[in-house]
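Chains as they are written, first to last, in this note's numbering: chain A, 1 to 115; chain B, 1001 to 1275.
Do not rely on the hints blindly, as some may be mistaken.
To be verified - Which stretches of chain B does chain A cover? Using the computed rule of at least three CB atoms under 8 Å from a CB of chain A, they are:
id : region
1  : 1189–1199
2  : 1206–1214
Stated by the list, open to error - Derived DSS-like pairs: lysine-lysine, alpha-carbon spacing no greater than 27 Å straight-line:
id : chain 1 : residue 1 : chain 2 : residue 2
3  : B       : K1130     : A       : K3
4  : B       : K1017     : A       : K3
5  : B       : K1130     : A       : K105
6  : A       : K10       : B       : K1229
7  : A       : K82       : A       : K25
Hints were generated in silico from the structure; no laboratory data involved.
Model, not experiment: these values are computed from the prediction.
Yeah, the Cβ is synthetic: ideal placement off N, Cα and C, and Gly gets one too.
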Amino acid sequence: MRKLVGKTCKDLGFTDITEAADGAKAWEAIMNATPPIGLVVSDWNMPNSTGIDLLKRVRADSRFQAMPFVLVTAEAEAHQVKEALTAGVDNYVVKPFTPASLKEKLEAVYKKKFG
Amino acid sequence: MAKIQLKDGFIVVECEKNLVGQECGQLYQGIQNELKSCEAGVILDLKSVEAVDMGFYRMLAVLGKWLRSAEKKFFGVNASADIAKGIRDNGLDSSIKMVASFQAALGGEPKARPSIDVEFVNPFVDSTIKTLSTQCNLQILPGKPRLKGAEGEPPVAIAGVIGLTSKAFNGSIALCFPEKTFLGAMEGMLGEPFPELTKDLEDGAGELLNIIFGQAKIVLNEKGMGIEKAIPTIVTGQSIAVRHLVNRPTIVLPFETEKGPFFIEVGIDEVTNQK
């Protein structure tokens, strides 16, 4: 899935893409990135630290509270969507998805945050 | 519109007064929409029917042929003497069996398997078609479900297996691919050809199964089945076989794609309340 999301982001024109194998590595990458990460696209199910854990960690840190964050997941039961929204997700991509639908969601988040 | 409902594995159709012209087409379409949920067959309740035309008889012939090929039953009940005669005169008494009552239809023919299987399996079929067509850009054609071992399955090079735990069922589901089909699915998903199975690609089988499971879980949990979250395991090798540790026979759901065949195995046992 990381490959697919990375490829779609490249196709969208993003050039500086940092990939992480799990939530813990993603958190490290977010903290150490210079310049700061402009958009996070995270799977929900990941080893070590899940996407929702990562989102909560990001939102709990004052430096990253406004960081655009998109969750990609097959988990779309109502309580899970609610959990993600409560935690401060900007958008939610449900698998299976087409590159076009991912593009649409990413563009919407990016425009809302950066105009 | 005719009233269509599921009862004891049968699609029961309460037909309207007039079955002529477009009404036959609408009725046929209505039945078609329900056929995938139909385990045992179709029962037409002809009690209210007063007028029919050739379209009605053609519909019976087509439905009868389809149901026979799918090894399902086709009954007509409560027909007037005129309608019953019309069916006989048009040589359709081998397509649709006219019986005196619902009881004769429902009780006279044993069901192939408990209806719980259909209720459980259909969300997986729907979810598989949606996932593989959307994520891998494949045209998916579902085949007829069968019991494992009834026909030879294609040799499996990679399978994703996921355990099922719920209030109602326990068991496992496996998504099984021959190598060529899997590489074709990955090509469709990632937009580049792959000559062989690699470690990187193996994760793709788990990902697809995760999506299929996630979609089906939503539907099943809306029905109150309480299926819990689970993590898939990937198995690779030459002609691998997955063994489901359940008492009931394993169901095979075969699919065809332009890249080759694949199938899903469903092995489930109902949870019994042991104290």
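For each hint, the structure was consulted:
1. 1189–1199: holds (count 3)
2. 1206–1214: holds (count 5)
3. B:K1130 - A:K3: 20 Å, holds
4. B:K1017 - A:K3: 58 Å, violated
5. B:K1130 - A:K105: Satisfied, since the Cα-Cα distance of roughly 20 Å is no more than 27 Å.
6. A:K10 - B:K1229: The given pair, whose Cα atoms are some 32 Å apart, is violated under the 27 Å limit.
7. A:K82 - A:K25: 25 Å, holds
Checked against the numbered hints above, the structure violates hints 4, 6; every other hint is satisfied.
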